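Student: These protein sequence lines map, in sequence, to chains A and B.
With the first letter of the first sequence counted as 1, position 270 gets the number 270 in this note's numbering; the numbers rise by one all the way through.
With the first letter of the second sequence counted as 1, position 226 gets the number 226 in this note's numbering; the numbers rise by one all the way through.
It is possible that some hints are incorrect.
Said to hold, decoys possible - Residues on chain B that point at chain A, a partial pick, calculated with CB under 7 Å:
(1) 18
(2) 79
(3) 81
(4) 94
(5) 156
(6) 183
(7) 186
Said to hold, decoys possible - So the derived label-pair ranges between C-beta atoms look like this:
(8) B:19 to A:200: 44 to 54 Å
(9) B:240 to A:122: 53 to 63 Å
(10) A:287 to B:171: 20 to 30 Å
(11) A:263 to B:21: 51 to 61 Å
Hints are computed from structural coordinates only; laboratory data are not their basis.
Model, not experiment: these values are computed from the prediction.
Backbone N, C-alpha and C fix where the C-beta goes; we use that ideal spot for every residue, glycine too.
What follows is each chain in one-letter form.
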Amino acid sequence: MNASLDAISTPALTSVPAGQIAEVRRASWLERLRDPLLAIIVPTAVLALWHLATYGRQYSLIPPPIDVARSLYDLAFGGIYDDAYSRTLHVHLLASLSRVYGGFAIAASLAVPLGLLIGRISIVRRLVDPTLQVLRPIPVTAWLPLSMIIFGLGPRSAFFLVCLGAFYPILINTIFGVRSVDPRLFEAASMLGCQGTAQFYRVVLPASLPAIFTGLRLGLGFAWVVIVVGEMTGVPTGLGAIIMEARQLSRTEIVICGMVVIGVAGFISDRLVLMLGKRLLRWSPNFA
Amino acid sequence: MPEAIDPILELRGVSKEFELSGRRIEALRETYLRVSRGEFVCLIGASGCGKSTLLRIVAGFESPTRGQAFMSGAPIDAPGPERGMVFQDYGLFPWLTVRGNIGFGPTSRKRPVEDVKGTVDRFITLVGLQRFAEAYPHQLSGGMKQRVAIARVLANDAKVVLMDEPFGALDAMTREHLQDELLEIWQRTGLTVLFVTHSIEEAIFLADRIVVMSPGPGRIEGEVNVSLPRPRDVVTPEFNAIRRELSLQLHSQHGRKAA
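Start from the sequences and build out the full structure, keeping to the hints where you can.
Tutor: This is the structure we're talking about:
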């Protein structure tokens, strides 16, 4: 059957003039470039404005972009200023990465099972959901003092705060995913002979995966958002830690370097997660 | 041997009442019905006549308020693989491929992997979806989805296939194709089919026997036997005579309701 299909499609393709094919390709190439081109317009404009507003002014509190770029290079590779910050980027980045992913992993391992239970078992929902709803609006920043009393100064507090930031998006999306499984699928499963707890593994879990995944993605995003607060807990390393330290030393260019690195790292980690999702959830029209 | 008991389906005095915002709705009142092994029965009637409720009681999704439904002499109290349901909205598992959906039942019932594979292949071929075996439901047309839904219950050894307006969401061309295919499968396999529809033509085209239902409260109003040879031609005088008879039965209900 394949052979006959090829026989039908081959002449059709070769009959298209070569020029037309090239044109089709160029169009798709342009289309592929269009989004990145559109995406860099705003950052370029911001950079230009920033440059114009700060460059060449002696008493500007905000350093011009070129100074920040130089500092970023020095932070990463050294050789320009050779001060306490030179060649330390990898240390801070690794420290923050470990806290972001560590806190996120703890949050996911608690929030997903809890969300499945809350979504599926009404007694669990009535038992813990009201409490969680009251705790949820409390900002991570507000937990900082209590966290330092309970977990002490240092990385354990950082893990706790990052975990807290990632917890609720994962929990809420998991509950939503479990509760919005099409009831028709339970009927379909039970008439096919899949009943009781088997339905949990064969219907509830796969059906709620897209929502759980969205929760994980949002949770990881929040983990990056709260990393600076998490590293206000007196840890010596980390992107948040150098931002707070550089602020006290009025090294604003280092503060901005920290911001840029957090932005880029958060962006890349989100892209990786999204790619993973597209792979695992290609059955879902929302991800494919 | 319980398999040989006839009628394969029986409803004895089945009533169903629902509570809807404090009001009692009588969806089905004192219904008696017998369906023989291998029979193709259509349920037809206006909306609210209880035809879907009747089907859902036979499927085991609802339990009757009074009376009892039986399959092969045994009371029906839960859904089961011997009574396969085909829904209008397909009810396919979106995370499984065509192959996975058709194999869902046998896998759930812990059939050996090799058996499942053979069964699935057989039924994919039966419904002509070989080229789409690895496709996901959202990649299929409505007609293909309904083929998968039919194959899924057949692959799970259904003895009775319950169909709730299965072709209602499809375009006319696809619907006619699937009607033909369904009749072919039914004739080849000796299945029993209970088919809900609101199309008079569809009922006459498919059924051995048409059960006419009426609403408020839902009940069986009458029956029409269709003994035309298959394949049936929808424009013959005989076909039209039955169409007129059914039309009269259905419209007399409307007239009485309006009066």
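Student: All the hints need checking, so say for each whether the structure fits it.
Tutor: Hint by hint, here is what the structure shows:
no. : hint                       : verdict
1   : 18                         : violated, 16 Å
2   : 79                         : holds, 4 Å
3   : 81                         : holds, 4 Å
4   : 94                         : holds, 6 Å
5   : 156                        : holds, 5 Å
6   : 183                        : violated, 23 Å
7   : 186                        : violated, 19 Å
8   : B:19 to A:200: 44 to 54 Å  : violated, 29 Å
9   : B:240 to A:122: 53 to 63 Å : holds, 55 Å
10  : A:287 to B:171: 20 to 30 Å : holds, 28 Å
11  : A:263 to B:21: 51 to 61 Å  : holds, 53 Å
Violated hints, in rising order: 1, 6, 7, 8; the structure is consistent with all others.
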